[in-house]
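Undergrad: Kindly produce the complete structure, drawing on both the sequences and the hints.
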Amino acid sequence: MIGFVILAIIALGGGIGVIVARQPVHSALFLIMNILALAIFYILLSAEFLAAAQVIVYAGAIMVLFLFVVTLLTAGKDDREPKENLAGQRLTAGILAVLVGGGLAVVGVLYPSRAIGLGLPHNFGNLRGMGVTLWGPDFIYLAAVALMLLTAAVGVLVLNRPRRQVKPAPRLEERES
Amino acid sequence: MIPLNWIVGLGAALFAIGAVGVMVRKNPLIMFMAAEMMWNAAALVFVAYARSFHAMSGQVMAFIIIGTAAAEVGIGLAIIVSVYHHRHRLDIDEVSQLKG
Amino acid sequence: MTYALWPEYSVVIGVFVTMIAVMVFNRRSIQAYWVGLATIVVSGIITIADWSSKSLPVALYGHAVTVDAFSLVVNGLVLVAAAGALMIGWNDKRYGPDFPVLVLLALLGMMVLGLANNFVVLFIGIELLSLPLYILAASRGTGESGEAGLKYLLLGAFSSGILLFGLALLYGASGTLVFTHLDPAHMILPLAGAGLALTVVGLVFKLGIVPFHMWIPDVYEGSPLPVTTYMAFGTKVGAAAILMRFLFFGFSLDAGWWGPALGYLAVLTMVVGNLLALAQKDLKRLLAYSGIANAGYLLVGISAHNMFGARALLFYLLPYGLAVLAAFAVIQFVAGERDSLSLDDLTGLAYRSPWLAAFLTVAMLSLAGIPLTGGFVGKFYLIQAALFANQPGLAIGLVVGAMVGLAAYVRPLQRAFSKAAGESSEPIRWPVAGSIVLVVAVVATIGLGVYPAPVVHIVNHSAAFYWLH
Amino acid sequence: MFLVWLMAVPLAGAIATLIAPKEVSKAIAAITSLVGLVGYAGLLFISRAGIDWAWIPQWGIRFHLVSDGLSLFLLGLSAVLFVVAVFASDAHAGRAYYFWLLVLSFSVVGLFAAVDLFVFYVFWEVLLIPVFFLLTGWSGERGKKAAMKWLIMNLVGSFFMLVGVVALAVIHNQNGGGLTFEISQLSGMSMSAGVASWLFFAFLVAFAIKAPLWPLHGWMPDAYGESPAPVTAIISGVLSKAGIYGILRVMIPIFMPQFREYQTLLLIVATAGLVYGALMALRQQDMKMVTAYGSLSHMAMMALGIFSLTSVGLLGTTFYMVAHGLMVGGLFLVLGMLENRTGTRTIQDMAGLNRSAPRLAAYFLFFVLGTLGLPGLPGFAGEYMIIQGLIASHVVFAVIAGFILIVAAWYMLRVFQAVMQGPARTTAIKDLWSRQVAWLVPLAGLVILIGIWPAGITAHAVPSLYHAMHFALGKGGVH
Amino acid sequence: MQGLVEILVLPLLGAATITAFKGLMPKRLPGIWASLLVAVSFILSIFQDRRVSQLAGSHHVITGVLWNWATGFGPAIHFRLYLDPLSAVWLLIITGVGALIHIYSIGYMHDDAGEPRFFAYLNFFIFSMLLLVLAGNLVVLLIGWALVGLASYFLIGFWYDRPTAVAAAKKAFVMNTLGDVGILLGLALLYIHYHGVGYQHLFAIFTHAKPGSAFFEWTALLLYIGAMAKSAQFPLHMWLADAMEGPTPVSALIHAATMVTAGVYLMARLYPLLRLAPVTHELIGVIGAFTAIFAASIAFFQQDIKKVLAYSTLSQLGYMFLGIGVSAYTASVFHFMTHAFFKATLFLAAGSVIHGLAGEQDLGQMGGLWKKMPWTMGSFLVATLAISGIPPFSGYFSKEAILGQAFNSGHYILWAIGVFTAGMTAFYMFRLFFLTFTGKPRNEHLHEHAHEAPLVMTIPVVILGVLSLIGGAFGGWLNRWLSPAFHQYAGGSAAALESGPLFGTILTVGLAVVAFLVAYWLYVKRDTAPKAGTDKAPGVWMLKAWGMDSAWMTVVVNPLKMLGTALLTVERGILAGVVGIASGVQAWASDLAPIQTGYVRRYALSIMVGVVALLAYYLIRIGFIS
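Residue numbers (this note's numbering), protein chains in the order written: chain A, 1 to 177; chain B, 1 to 100; chain C, 1 to 469; chain D, 1 to 479; chain E, 1 to 626.
Just so you know, the hints here were simulated from the structure itself, not pulled from any lab data.
For glycine and all other residues, C-beta sits at the position ideal for the given N, C-alpha and C.
Don't take each hint at face value.
[As the list claims (entries may be wrong)] Under 7 angstroms between C-beta atoms, here's a sample of chain A residues computed to sit facing chain B: (1) I2; (2) I6; (3) A8; (4) G17; (5) Q23; (6) I43; (7) A47; (8) L73; (9) P82; (10) G125; (11) G131.
[As the list claims (entries may be wrong)] Footprint (simulated), chain B over chain C, 3 or more residues, beta carbon under 8 angstroms: (12) 140 to 151; (13) 324 to 338.
TA: Set out below in structure tokens:
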């Protein structure tokens, strides 16, 4: 329980850090902290494979990508957060989030799911267990994820392909002259 | 024994924090990170419930979430880069030409 | 031997072949388009073959997917959408050779939404649909296009987060991921309620229901035109299909507590969507709001929560999509090199190109719901559904929305049929592929209005299958 | 099947105008409408001209058209007026004009012949579109506004009616009768009173807007004023009758208890419209507006005939629709000729035109007399029957209606005299051309014929009327 | 049946042919053709009347159905013609006097450009009037009734470029429409109660009905309103004076001899109904008497030769209705006949005067014409004596019959009014005569050029003059002739001519003679100017016809116009309402559009609002939040 509290504090701290950090790099680092805390949770929840995936994919690949882009886009630029310019945005957002988060948390805490008291099945959540599932009956999901990653690859190609400068269509009068 | 329902509460909190992040931060990268945090919160709840049901299906779902997040981040960052490549600041509010 | 999933498999194969085609041939090659189109045709043929197959409905992959008449009808609809979008953007150098690939990928997502039977597939479908569309929205490279892509992406990620959390709670409430195994009687109700709320939000976000609609006008306006067409038709089909499937499979027994909320949203959407359409000056944006309003109509079919609702929704998707195809094709022709078209640009269209004006008329009247067009029959069916469900409020909301929207649809027509002030009668080019889409869409719209019985039959058959579960 | 051919003719003509060269558009339209008229004449001799075909069987919708006594003469009215309107149209109006005119003709046939509520509704709305385009394309800037008003007001009404249409079928289904839109099957259906009242008013508003009945006539002044004369003639002569026809065809069989319940209210509102239209007509300075408001008053008269809920009142309305259609159509055409010749519609700008155009004046006067209900012309027979019905039900309204007949004489003569008589203030105008006389003479002859022989229509209309009503009317029905 | 149709159709044929072929006809042909047709009609009428009288049995009626007029709401209403002795009298007068006036018009209208049109109208009038009297039921009667109104409208407004003529025509038409509506309502009432509007059908029922029910009073009153309007009874009388704007033959034929007596015809026709409605019946007599004296007072100081005659017509119509009111039906018909003779004479003679003076109608411009136009003067004098009730001229007999019966039936007040009015009549008629024909010419220039009318005009005048001289002799014949008609149904028992008390006759004639003497003294001896007496209190009002015109304007016309003007505002409101709602929605839409701010974060906020709403809704619905 104490472990849980500590981990929860770390995770929440990371989360809050993400949204309060002034610089994007800090946000990214806070997010990594959050992700790592979650990975530990996964281990605690007997999801070893997921914990590994979380660390490798999220903390490793995704966040590195983030950091890379952050540095790419903020290099030599003013990377501080601009002033809030939408009236009431923060207050409303805060209230709404508290309502939603609070509501969900209360529901989640007060109404636990019907837990099965027996011991965990063999290979629950470890590499073998996941492998059997993902390469077995649930292979189709894996294939779908593969397709999504393929989409991402195509997308990066498309979005950053060398563009022939497309001029806006000339107006009629220009064409006539 | 980890109190599973408290983990769900933690997930809800993280979800709310992520939502706030999307709504209040002006840096699109940070907004995107906050959105990722919402996904993560969901994945955490899935895993927690999977543990409670002793069923792998929740974990599979979490795995799919992680994989999809990777793809989404790839595309998202590409879009952000292409949009902000020539801009001075990372300010989402600058991208508001389309309206009305 | 069943070919149940072969429409989807063939699309996957098509994706790869198209990519190979892009790589093998020159970058500006037209071959990718042909391959893409061929894929769609093959998939369509298999879908039709499946329709007559005796072995349906069938649940595959441990109830992860269910192939039934419903999913086949959805397949048909999204294939039409994809073909239309592909042909409207046929070999346009602005979009490049990747366009068909991404269209096929999104198509796959839409098809998956049609046959999803558990949360994983639902999520995969949503993402498979969305990711290519993020790219496509931003693919034009201009400021507007980038903005559209960015907005779509951020809000999409946000809403997916909400969706996922909702699914997680539902999972916790029921212990299963499979729709048909959801049993409202044995769920932990508060968890299920919260989960359902979030899930519904995530799904209606894609459909474009007020107040989750705000991305739609901006994204539609900023995206390249064929992409907008695709989103307006295909995404709506996919979102409506999965929403119906999810709710009716998972919660069909007890509509009392989830139906009314959707009813209110539907009315709100119909009124607000049409109202805002009234204020628009840009044609694409106008159609975007029209898309929102039409999403409201679709939601009527869902919240009516009866057999008629399901049928009416399925039916309505077709005339709506056809009208969208026709309208966007006209915009594409008239806009030419430009990305968008204001209402003023339409002035004098009837004199520059009477046929285009006539086709636009048919499309607009169908959207407005005037008889002898498919749109009317669709609305008629929806009203029927609402009244059969003893929900006159929905029916009245529908017609009030239609009334408000009427002026929005008529204003472009009036522009088109009044004489232009200037002499700008530059002839309008008719691209072959787009013309085919236009003519087919218009003819089908009228055909659907004049003799809808066959389609009604198909739709009824499909929804009847659906209710046997 | 014959009715289908009758519908197919204008449709074929419409398509032909699109294909054929621009110069022959008018000729095509003329031939088509003449063929339609001849076909209509044939219809008078064919007893089984209807069609009953399962259109959308899943919803119990049948493409069911009949030409019974209610519809037969309205079909005739539209056949005649379309011929006249085509002949009176500008030869250079362009192919789209004739296309829309023929489409309108097509939809009007469908509307009048339909006895399936769905079919009725389909044509009810379809006919808005051609009128919308005729108003948009062939009139000035105000005409566009008029078109918009026309479309939106009418659609607002009919959208509510759409809900009503479906609701009726659904209720019939829930009563265990199966899903059907056949008016005869929906009639006399049991409904809860509250629902029935709502549906009643949904239908009534839709029909009242089309007619138009006060106070739902907001679209009327602009539409009548701005549209080209043949179009005005069609709108006022044929389409406005569609509203009244709808009440007769659809509402009377289905909503008889509601008619009884709200009879006094309906009578009061219709009488208000009657007085209102007449007094407005009295104060108008625009000759088309005088006729338009006079027509508003006459539409209220037709409504009164129905609301009297007596067989004679209903019959009077049935007859008066045809009579008024012919006469007011003719009147608007004459006014159009005057407007073409003088370039103005303001009556102060004209006077003494009789001297230079006696024939035009004669036809003008003829139609003026017809619309003011001169005995011997058909308006009188209609008004007589309506007033008799009113006396039988509520005599007060009969007296008011009688009083309005006097005012009608006043305002109609006022416009005629101001334009045609008095010291000539305007330059001379051309009299009628012989081509124009060629269609005016038969029209006038037809008016006289049914004026002195109303039985030609009433005797035929009666069986259908009773058939349509299904159950006997209350007091005052002489039968 | 055969024969009636021909009588009816011939004038219609004339109207139609003249209208259609007027361009082709030589100058005088339309007049001759029209006169010929009416004359033929007259001859046919004589034959038909003989047929009626020779019918066996007591029912002297020829009737038949032409076609079924309308059906479907009860027993059919037929287009039925009907000839009985009563209509026969009218038939003869209409065609006979009509033919003479047609002939006269050939001369009168010979230099008018609209001559063919005039004869077409005139023929159309004859047709309509014949239809009115030959009608076999109230519907056909109403058709004829309205068509004569239309003909009257045409002819009053014959000179359509005169604004006054046009206005007068409209007034006549609208007021007559009022009457039409009365008949319409009345006959609809009758139809509803008795399922038919045919005379025979109704009268057979009336014969067995008990008098005095409100239904009969209302029906009779409504029908009487029709008669009032057509016969210009007070207060619907103004149009008749204005109707003098038409050509003079028109005034003679329509507004004196025939059309205006249609009301008398209708009332005489409906005598079985009047029996059942005693109150209305009395009312008819009272209004008739009042109209008689009222119009006579107006005629006193009129300056226009035709206006005097017009008001005298009104006054005489009052007599006829007085006769109806006291059930002196035959006497009324008798007076109608003699009135047709002498009033036609007067009008035609006046027309000759006007013709001779190049269109001048003002008494102030006349005088001393007796030498210039002796024949005219002679006829006029005879007719004046007749209208004044001097024996043995025709008017004496008919007027005496009415007054006598009024006295006999106990209507002493009405009788007294009638007697006094007779004196007034004598005064103003002789004033008119003297001012026109005797004394010094007041306009030398006009007098110079004055001339006797051509023969084609003089002969009809003289014939009519002779008839007004001897017309009184027809009384006995008429009494016999009409008795079958009035005895056919209950209510006509008192219809036969009676003679009043001797003192009454002496009083009447004496008053007339005194009035003559006064007129002679005033206008011949003292040569008083025509305008004299019109500047003081009663005279002013008399000249202005007691201000009835402005009273109508104030009470009916202007309020209606003002109401119309007020409603224009309402209409603007309604029209603006339509636009207002539309533009309101549009404006609302435009106001709503800025919700779409373009800021992604706002969009996210909106989504979150939706989430909260939906979440709250579901949690409430499942009872989590209560």
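Undergrad: Take the hints in turn and mark each one as holding or not.
TA: Going down the list of hints, with the structure as the test:
1. I2: 11 angstroms, violated
2. I6: Violated, about 12 angstroms.
3. A8: 5 angstroms, holds
4. G17: Violated. Min distance 10 angstroms.
5. Q23: 9 angstroms, violated
6. I43: 10 angstroms, violated
7. A47: 5 angstroms, holds
8. L73: 5 angstroms, holds
9. P82: Nearest chain B Cβ about 5 angstroms off; hint holds.
10. G125: 6 angstroms, holds
11. G131: With a closest approach of 11 angstroms, the A:G131 hint is violated.
12. 140 to 151: Since three or more residues must qualify, the claim that chain B covers the stretch 140 to 151 of chain C holds, with 9 doing so at under 8 angstroms.
13. 324 to 338: violated (count 0)
Comparing the model with each earlier hint shows violations of hints 1, 2, 4, 5, 6, 11, 13; every other hint is respected.
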